[in-house]
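> From just these sequences and the hints, can you work out the full model?
As they're listed, the protein sequences go chains V and U. Using the numbering used here, the letters of the first sequence map in sequence onto residues 1 to 197. Using the numbering used here, the letters of the second sequence map in sequence onto residues 1001 to 1197.
I should point out that these hints are in silico values taken from the structure, not numbers from a laboratory. Heads up, some of the hints might be wrong.
[Unchecked claim] Pairs of lysine-lysine residues, derived as DSS-like cross-links and limited to a Cα-Cα distance of at most 30 Å, are as follows:
| no. | chain 1 | residue 1 | chain 2 | residue 2 |
| --- | --- | --- | --- | --- |
| 1 | V | LYS39 | V | LYS2 |
| 2 | V | LYS186 | V | LYS115 |
| 3 | U | LYS1115 | U | LYS1186 |
| 4 | V | LYS2 | V | LYS186 |
| 5 | U | LYS1002 | U | LYS1186 |
| 6 | U | LYS1122 | U | LYS1186 |
| 7 | V | LYS186 | V | LYS122 |
| 8 | V | LYS122 | U | LYS1122 |
| 9 | U | LYS1002 | U | LYS1115 |
| 10 | V | LYS122 | U | LYS1039 |
| 11 | U | LYS1122 | V | LYS39 |
| 12 | U | LYS1039 | U | LYS1002 |
| 13 | V | LYS122 | U | LYS1115 |
| 14 | V | LYS2 | V | LYS115 |
| 15 | U | LYS1122 | V | LYS115 |
[What the hints assert, rightly or not] Coverage of chain V stretches by chain U, computed from C-beta distances (three or more under 8 Å per stretch; other residues unrestricted):
| no. | segment |
| --- | --- |
| 16 | 60-68 |
| 17 | 80-90 |
| 18 | 100-108 |
Just so it is clear, CB atoms sit at the ideal spot from N, CA and C, and this is done for glycine as well.
Protein chains: 2
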Amino acid sequence: MKLYDLVLSGNCYKVRLFAALAGIPVEIVPVDFLGGEHKRSPLIDLNPWGELPILVDGEVVLRDSQAILVYLAQQYADAAWLPRDAAGMAEVAQWLSTAANEVQNGPASARLIDKFGYPLDKADTLRRSARILPLLEAHLRRHDWLAAGHPTIADCAVFPYVALAHEGGVALAPYTHLQAWIGRIKHLPGFLEMPGV
Amino acid sequence: MKLYDLVLSGNCYKVRLFAALAGIPVEIVPVDFLGGEHKRSPLIDLNPWGELPILVDGEVVLRDSQAILVYLAQQYADAAWLPRDAAGMAEVAQWLSTAANEVQNGPASARLIDKFGYPLDKADTLRRSARILPLLEAHLRRHDWLAAGHPTIADCAVFPYVALAHEGGVALAPYTHLQAWIGRIKHLPGFLEMPGV
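Structure (structure tokens):
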């Protein structure tokens, strides 16, 4: 099983982190992102969206970090990481949407601007960050984990770009419960770091 | 089972549409959106995000239209709508992320500006639309349905705001395969309309 990867990508890190936490062996294939390798064949044929990560497991080819987490959890991990009952699965799915939208277009995009010079609207990314972080804080004031009362792929999907928010000029200082949650994740057995986290 | 609903919301329509297609009885509870009912108790206690739809099924309370589709499919529908195997489920999950991010921030947000006067960046929504619609078109050139070779909740999640794109000034004329897919969805048994679709 191959993960086409960029070490500085929080989206790739979601997958590396979960694979490490769940003990799933994945071969990391570094991609020459600055050289545009993901925009050319053969990678663009695996993912026409021209994005990383990409997971290839035999016949299975997947784009989108959230979908890759779903696949790895459902195929290879203990059911605790993605509950099989409808209510538990949907509770996790709520946070996968949050990771795909609010976190991606908030703190993750602020970081893309500051760290990599992407031509995005910084004020918009800060507005979105200022909305999602208090919602996360309020949730984590009452819960140790995002869903199901224990670590799930929801935590793996949301954690990276929240923990990297400082690289986009977004301070976590006001959010003490969010910081405590980051600390809990960092103490999970098998936790894997990335630069900036 | 209650769906707190706004008839003009494409996100609410995702749920109404899927419930109709899968024959799941849901009690529709209209919300006074313009009056801000969703921003006050008791609705804000059900969904601190202050958004619709909200689903309440006994003890289960869910925000986020994608997560609600996952719940209804897993709990009440034939497995065809959300495959239970890891590869099929992840294939669907890819498109749930697309609905939550690229479609929401592209055509759906263009419509929010034109139809409801939201203070968003129109140029940004058009740029995002101009990226996602050709990707959808290319996919639908080779597939009749978004995932799994048959209708799934992926189609229900992506369809509404694509079919409503004209209300945000986004023309679908260049996308013939996408139009054909819209036609296929409209011919599914049990299909439900909404204003503008």
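> All the hints need checking, so say for each whether the structure fits it.
Here is what the structure says about each hint:
no., hint, in the structure
1, V/LYS39 <-> V/LYS2, "holds (18 Å)"
2, V/LYS186 <-> V/LYS115, "holds (23 Å)"
3, U/LYS1115 <-> U/LYS1186, "holds (23 Å)"
4, V/LYS2 <-> V/LYS186, "holds (25 Å)"
5, U/LYS1002 <-> U/LYS1186, "holds (25 Å)"
6, U/LYS1122 <-> U/LYS1186, "holds (29 Å)"
7, V/LYS186 <-> V/LYS122, "holds (29 Å)"
8, V/LYS122 <-> U/LYS1122, "holds (16 Å)"
9, U/LYS1002 <-> U/LYS1115, "holds (27 Å)"
10, V/LYS122 <-> U/LYS1039, "holds (27 Å)"
11, U/LYS1122 <-> V/LYS39, "holds (27 Å)"
12, U/LYS1039 <-> U/LYS1002, "holds (18 Å)"
13, V/LYS122 <-> U/LYS1115, "holds (26 Å)"
14, V/LYS2 <-> V/LYS115, "holds (27 Å)"
15, U/LYS1122 <-> V/LYS115, "holds (26 Å)"
16, 60-68, "holds (count 7)"
17, 80-90, "holds (count 5)"
18, 100-108, "holds (count 4)"
Of the numbered hints stated above, none is contradicted by the structure.
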